[in-house]
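Enquirer: With chain A held as given, fit chain B onto it using these hints.
There are 2 protein chains.
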Amino acid sequence: MNSKILTVGDEILIGQIVNTNAAYLGDVLFAIGMPVEKSVTIGDDEKMILDEFKDSLENYDLTIITGGLGPTHDDITKPALVKFFNDELILNEKILEYVTKLFASRNIIMPKVNEGQAMVPSKSKVIWNANGTAPGIWLEQENKVFVALPGVPYEMKAMMEESVVPMLKEKFLSNLDYVLKQKTLLTTGVGESVLNEMIGDVLSIIKNDKLAFLPSIEGVRLRINVKSDTEENADKRVSEIENQIREKIGEYIFGTGNDILEEITGKLLTQKKLTLAAAESCTGGLLSSRITDVSGSSAYFLGGIVSYANEAKIEFLDIKEDTLKNYGAVSEQTAIEMAENVRKNFNSDIGISTTGIAGPTGGTAEKPVGLVYIGYSDREKTYAKQFLFSAFRERNKKRAAQEALEILRKELLQK
Amino acid sequence: MNSKILTVGDEILIGQIVNTNAAYLGDVLFAIGMPVEKSVTIGDDEKMILDEFKDSLENYDLTIITGGLGPTHDDITKPALVKFFNDELILNEKILEYVTKLFASRNIIMPKVNEGQAMVPSKSKVIWNANGTAPGIWLEQENKVFVALPGVPYEMKAMMEESVVPMLKEKFLSNLDYVLKQKTLLTTGVGESVLNEMIGDVLSIIKNDKLAFLPSIEGVRLRINVKSDTEENADKRVSEIENQIREKIGEYIFGTGNDILEEITGKLLTQKKLTLAAAESCTGGLLSSRITDVSGSSAYFLGGIVSYANEAKIEFLDIKEDTLKNYGAVSEQTAIEMAENVRKNFNSDIGISTTGIAGPTGGTAEKPVGLVYIGYSDREKTYAKQFLFSAFRERNKKRAAQEALEILRKELLQK
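Protein sequences, first through last, are from chains A and B.
Counting from 344, one number per residue, gives the positions in the first sequence under this note's numbering.
Counting from 344, one number per residue, gives the positions in the second sequence under this note's numbering.
Bound-form chain A, shown alone (with noise of 0.2 Å):
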């Protein structure tokens, strides 16, 4: 079982967009086991597009087409499947609704050229677009699947999940004689290599299965790949493998596949319904966007303050004049005063507080740029950790948001 993307777009050819769909469908499809064999990036242009439909056909069991089904002049997709299998365009009136009433619910008149999203080819499936106007289309010939998908990210990933990938099980992995199985275990706060050597020796582990470690700047992602007889012999070595790097890395592992730290966090405090306060300075409110980025948050994140200026500071939480003097806006004291006073001043359970020299400019020889306290403060204890990333402005503020809710989860954790 194999499969083909084919992306369809100049302005991903011409380097104005990173093809982060290709990535994610390759993921999605390899855990599936109809692994991508080739990804094909074209423009809008009919006969490489025909082109591309041809070797699909006489080469792959899957092709996801992304991007060109929008309702302007350049999107050629449509036409283009239209023209390769013989077909022609229908009026979809539940679309042609749909569409119509996302324009109304916006309060916007629908321009007519979006009448044209309602049109598909007659021998297509149709699959829903519960986030846009543009319907994916799902085609098959000689037992070949050809499917369509709309080139924004959330939209496509969105149809994937809901639609595409149980209909991809339906018509191909029904009746298969293996089991692939995958587990991500996700780790921050320490290192490819230095997770590697903690643990040892990684082919006694995983013998004739994988593993993968998948850094980024939040942390590195540790994914298990087996493919066994059995479900159940399958669930069995991916327990197996995962218990032997738990064993050895466990404290830095905060979740598993889709897991995201703030919502980690955010149940942790529901549960044990403790509420939240943030002051922060050098990650300039990306840790409060983080925290509100959960649904729900809003029961235990109470507010924060973004103190970027020393004024700030002094005003919103009572930092010490002489604690600035004498340390400086970058020293442990100023993040253990900043993590108490946001936590009194805003009469929460916990504070948390970030004070650091983010750069790329304003790093001296003793606190260079990549410096960070970060302040924790609870009803029993306060304290700061002292930590140093790198010269990069936006790492630096990403990492520090990541470290600071790592230090929450561990703190919330032990209540």
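One should not assume that every hint holds.
In this list, chains with the same sequence are indistinguishable; a pair is considered to hold if it fits within one copy or across any two.
[What the hints assert, rightly or not] Below, simulated DMTMM-like cross-link-like pairs (lysine to aspartate or glutamate); rule was C-alpha separation at most 25 Å, straight line:
1) Lys466 to Glu513
2) Lys550 to Asp388
3) Lys390 to Asp552
4) Lys455 to Glu535
By construction, these hints were calculated from the structure, which means they are not laboratory data.
Expert: Chain B only, in chain A's frame:
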């Protein structure tokens, strides 16, 4: 003059790594006038690599191959090139010496396998890799060029800039009879199809040139592509198209090219010597985080309040209890008080605020998910604008932060 990108590596296909190399190469090659027409990713598989080489020789002036040049058994790009060009590997003494020294300087004994890095096809020109052990390879046949580069992004980029681009200009571009030019106009606050309708008859404006609409959550980018006989005429044609578009939708264009909205507002604040403070409810810190993504923002951004709980609105922003009781936290009145009071409490020149129903829960018939008010206040005036975004929390946060920055930009232009 056309190009193809060939990326070799299983890790890209299965989505472990996003293919940022392809975006970089697409950008560079487009800029020098050798646009990428196809970008293909395949695994470390000899047959598929050779098939792609065949396609390259038939259809593309230039093929840039990345990946598969390492020293291990699964790196097969070099042997595949040797096979395809009926060539043989010969030892390059200079590279051997360099690689040996590189390991010595890192205090590592060079593994035997790395000697292979100094073996290159006899017909090739070597492209020096100052940052790693794998040299690049330049091969020509029938006036078609193949360039193989390592997949490590910073090695590849340095080799492109220092060697490959100059070699390409020498080989292909010294005698061209046309010029390509590109310009991107950045808009926010209005959708793709509405922009399309406002511009009207696109074809009468662009004629034989190209205009692409590139939508994202934060706005739509309009990319103009022009081909002309001289540098001067190409620039003139770009200006003509740009001016015609600006006549129709100028008020929505906040910048061009790689401009970033928070940098534009930051520059305006700096020029006009004004300071800013933010009061955020529904954006939860995202607005402050974007403002502080800009290096040097501490000069004009004094800080912000993330007032998630009503108590925080009262305590830090002096929102009247009557306002909250009579109009609610999500209301024009609250947004106005937030903007005005954050300005006064931080003693800044300008205050900006957001309050809304981020969702996905918490909406009512009267105040649906996606309803957002953005407040603006300076010493002369204070007001709030109402928006209705989407059903999605993350998108609502992003769009609200974007609109807040856009309101700020428009106000600053008038100062």
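Enquirer: Enumerate the violated hints, using their earlier numbering and listing them in ascending order.
Expert: none
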